[in-house]
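Colleague: For the protein sequence lines, the chains are A and B, in the order given.
Residues in the first sequence are numbered consecutively from 1397, following this note's numbering.
Residues in the second sequence are numbered consecutively from 1397, following this note's numbering.
No lab work stands behind these hints: they were computed from the structure.
The reader is advised that the hints may include incorrect statements.
One copy or two, either will do: identical chains are not told apart, so a pair holds if it fits within one copy or between any two.
Simulated pairs of lysine to any residue, SDA-like, Cα-Cα distance not exceeding 25 angstroms [to be verified]:
1. K1526 <-> G1447
2. K1721 <-> R1558
3. K1721 <-> E1586
4. K1734 <-> S1405
5. K1736 <-> M1417
6. K1721 <-> G1565
7. K1625 <-> Y1657
8. K1625 <-> E1603
9. K1636 <-> P1580
10. K1628 <-> I1522
Owing to the predicted nature of the structure, the values given are computational and were not obtained by experimental measurement.
Protein chains: 2
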Amino acid sequence: FRSYLASVSGFIREWRSKYDMRRVIHSIKVGIALVLVSLFYLVNPLYNQVGENAMWAIMTVVVIFEFYAGATLGKGINRGIGTILGGGLGCMAAVLAQQIGGVGNSVLVGFSVFVFGAAATYSRLIPSIKRRYDYGAMIFILTFNLVVVSGLRAGQVMDIARDRLATIGIGFAICIFTSLLVFPNWASDELHVSVASKFEDVGSSIEGCMEGYFMSGNEKEKQGSNNCKNCKAVLHSKSKDEMLANFARWEPWHGKFGFSYPWNKYLQIGENLRELAVTVISLRSCLESPRQPTKNLREPMTEPCSSVMSMLAWALRELRESIMKMRRFQVGEEVLSKLKAVRVELTLLTPQTMLAPLQKDEELAVASFL
Amino acid sequence: FRSYLASVSGFIREWRSKYDMRRVIHSIKVGIALVLVSLFYLVNPLYNQVGENAMWAIMTVVVIFEFYAGATLGKGINRGIGTILGGGLGCMAAVLAQQIGGVGNSVLVGFSVFVFGAAATYSRLIPSIKRRYDYGAMIFILTFNLVVVSGLRAGQVMDIARDRLATIGIGFAICIFTSLLVFPNWASDELHVSVASKFEDVGSSIEGCMEGYFMSGNEKEKQGSNNCKNCKAVLHSKSKDEMLANFARWEPWHGKFGFSYPWNKYLQIGENLRELAVTVISLRSCLESPRQPTKNLREPMTEPCSSVMSMLAWALRELRESIMKMRRFQVGEEVLSKLKAVRVELTLLTPQTMLAPLQKDEELAVASFL
C-alpha cells in the first residue's frame, strides 16, 4: 500500500511541475461552484423554493466564472445590470403591447425587438463600450427579447422576471464566493508581476546581445538567438497587458493595491519598455551586420561597452526590484550620471562606430522611466 | 414633402460618413435575425410546434451572432458540438444515476458534475483549445450540467435534450442565413486587405522618415511624428491578425479564397512586416539623434539616399498591389539588383555614416518576402 501511495505522490509531483498549478486550482474551484449551484436541484427544500428557475443559476455560474477574479466580477456585474435593464424595458414593452391587444400587439413586440436589438448591437461595436460592457449589452438583448416575447404567452411577466433575476443573483453570489474568497487569481497581481519581469527580460537581452558581440565565432553559434525571444515577447505583450489592466479595474481593494490604483501607469511603463525592446532588437541586428569592425578593432571597445551594458542591465533590474517591492527608485540620479559619463568616454574612444547613437537611445528610454 | 425628404437624405449621408457603414449593416442584420427567431413566439402554429423551447433558439441567435461571418460560424459549430456531446454524456449519466436510485443518485450526479466541470474547465485553459474551442467547452459544461440535474426531476431527459437541440439548430440556421447570405462580413477579406495595407503603411513611413531627415528645421516641426504612428500600428497588429486568421479558418469557400487557403502565410508576412517596422522605427530614432552629421555633410548623401528610399517604398507598394490582386510579384529580381547597386554606391560614398548597415537590414527584410 505504501509503494502505491509513493507512486501516486510521485505522479502528482511530476504532474504538478508539468502543469501550471493555478489552472488546476481554477478548475477545481469551477467544479465546486457547479456542485454548489446544482444543490438547488439536488436538495428538495431548495428546489421547492426556486423550481425550474434554478437553470438560470447554473447558467450564470458556467458563463461568468472566469480565470481572473476581476473578469468574473466584471462579467457578473455586467450580467446583473444587463438583466435588470433588459428585464425592466422588456416588462414595460410587454405591458404596453398587452394594452394595445390584437395584431398590433405582435407588431409592436416585433418592432421593439428589432429596434432594441439593433441599437444594442451597434453599441457593442463601439470600442470603448466593447472593452468593458460588451457582455452586459449582450445580456440586455437576450433578457429584453425573452421577457418581451414571453409576455405574449405567460400572463405574469413580472413574476418570471423577478424569479429569474433572483436565481441569477444566487449564481452570481456562488461565483463571487468561490472566485474571490478561495485562492483568488487576481489579474492585478499578474499585471504587476508581468510588468516588473519585463524589465528583467529586456535587461538580460541587452547583456546577451553584448556578450554575443564580443564572443568568438564558435561560441556565438551555440548561443543562438534566445535573447531576442524575450525581447519579442515584450514587444507583443500590449494586448495581454491591456486585458489584464481591464480586469484589474474591476477588482476590489485587496493586498497592496488600494482603491483607484493607477493601472494606466502600468500600461505606460509597458509602452516605454516596448520602445526599449525595439531599440534592443535593432541594435542586435546592427551588430550582426557584416559591416561591423573586425575582431582587432573590437578589442579596445570591449571594456567600456560591457560596463555600460552591465550598468544598463543592473539599472533595469533595480527598477524591477523597486516596482516589485513598490518603493521609490532610490539610485536614479546616480545611475543617470554614471551612464552619461560612460557615454562620453565611449564617444571619445570610438567615433567611427555606430554603437554610440544607439546606446544614447537606450539611455533616453531609461531616462524616460525615471 | 420634398424638402423633408432632402433633409432626411442629407442627414443619412452625413451620418453615413460619420459611422462605419458595416457596423450599421451588422446591427440591422442582428435585428432581423432576432425578429425572425421571435416569430416562434409570435406566430401560433410555430409556437405550438416548439413551445417554451423557442427560448433556446432566441438565446442561440443572441449569443452566436458575431461581427465576422467566420466567428458566427465557428461559434455556431462549437455550440452544436458542445450541446451534442454535453447532452449525450449528460443523458448517459442521468440514466445511470436513475438506475442506482436513492441517495446514491444525488451523489453520483454531484460527483459527475464536479468531474466533468473541472476537466472541461481545465481544457479551456490550454492555449490551443482556448483559441478555437473555448466556447464549445463552455457549452459542453452548461448542457451536461443542465441535462444531468434535470434528469433528477423531469422523467423524459431524452425528450428535453432532443427538443433543445432542435431549437438550437433553428437558431443556428437563422444566424447562418442572415450572417453568411446577406451582406456577409468576411474576416478573410479583412485580413487580406489589412495585410496588404501594412505594406503601404511601412512604405510611406520610410519615405516620411527620409523626407524629414533632409528637410530644414522649420519644416520638420510642422510634420511631427505622424509617420511613426503607422509603423507602430503595424507593430501592434499581431493579436488582431491572429484573431482574423482564426475566424477566416472557419469561413467556407467564397470569392477568391479556396478551401484550405494558406492563412498561416498571412501571419508570416505580418511577422516579417513587424520586423521591418522595428527597423524603420529605430532608423528614425537614429536619424533624430544629435550625433548625426551637419547639414553640409548631408548634402552629398541626399540623392542616393532618397533614391534608395523611394525605391524601397515603390517595391513595398508593388508588393501590396500584387497581394491585393493575388498575382505573382513580377519585378522582384529587378528590384533586388537595383537595391544592391544603390547600396554599393552608398557604401562608397559614406563609409562614416551608420545609414548603410540599417538599410542593409531593410533590404534583407524585403528580400525575405520575395
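Colleague: Mind listing which of the numbered hints don't hold for this structure, in increasing order?
Modeller: 1, 2, 4, 5, 6 and 7
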